[in-house]
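Student: Sequence:
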Amino acid sequence: MDRLADAINKIKTNERIGRRECVLNSTKLVKAVVDALKKNSYIEDYEEFEEGKFKYIRVKLANKINNIGIIKPRYAVPYGLIQKYEMMYIPSKDFGILLISTPQGLMTNRDAQEKHIGGRLIAYVY
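So in numbering that gives the first Met the number 0, spot 106 of the sequence shown is number 105, and the numbers just go up one at a time.
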């Protein structure tokens, strides 16, 4: 069971049908992805809450996502090859982002290129 894939799928489905919010299961990786989406203005806001012993994230959607998806397998990408994967997953330059898990945490492809580090591909958004 891949909780990140479930979360991305819920965001994608709710964006397509025009809902204003959705509820996701909370994990560290899901929270980091939602943080990155908020930082890049793909979602409006989110809040974390608990029901019993389970944690959830309520995401307020901005209806700005055209497509979002998980990249499987999670390719290891050195700094020099990030641009190759941008061309594979993003339709045009400066239109979307790749989310990359690096030793310094989850970041976008632009941040990883500025810091000259590589990592593993997690997801794409545009």
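None of these hints come from the bench; they were simulated from the model. Take these hints with a grain of salt, some might be off.
For lysine-lysine, the following DSSO-like pairs were computed, each having C-alpha atoms within a straight-line distance of at most 30 Å [claimed, not checked]:
#1 Lys-92 / Lys-63
#2 Lys-27 / Lys-11
#3 Lys-27 / Lys-38
#4 Lys-30 / Lys-63
#5 Lys-37 / Lys-54
#6 Lys-114 / Lys-52
Student: Give a verdict on every hint.
Tutor: Evaluated hints:
1. As the CA atoms of Lys-92 and Lys-63 are separated by approximately 17 Å, the hinted pair is consistent with the 30 Å bound.
2. Restraint check: the Cα-Cα separation between Lys-27 and Lys-11 comes to about 20 Å, which is no more than 30 Å; the hinted pair holds.
3. Annotation: proposed proximity of Lys-27 to Lys-38 holds, straight-line Cα distance about 16 Å (limit 30 Å).
4. Of the supplied pair hints, the one linking Lys-30 and Lys-63 holds, its CA atoms being roughly 19 Å apart against a limit of 30 Å.
5. For the suggested pair Lys-37 and Lys-54, the alpha carbons sit about 19 Å apart, so the restraint of at most 30 Å is met.
6. Using a Cα cut-off of 30 Å, the hinted pair Lys-114 and Lys-52 is violated, with the two alpha carbons roughly 38 Å apart.
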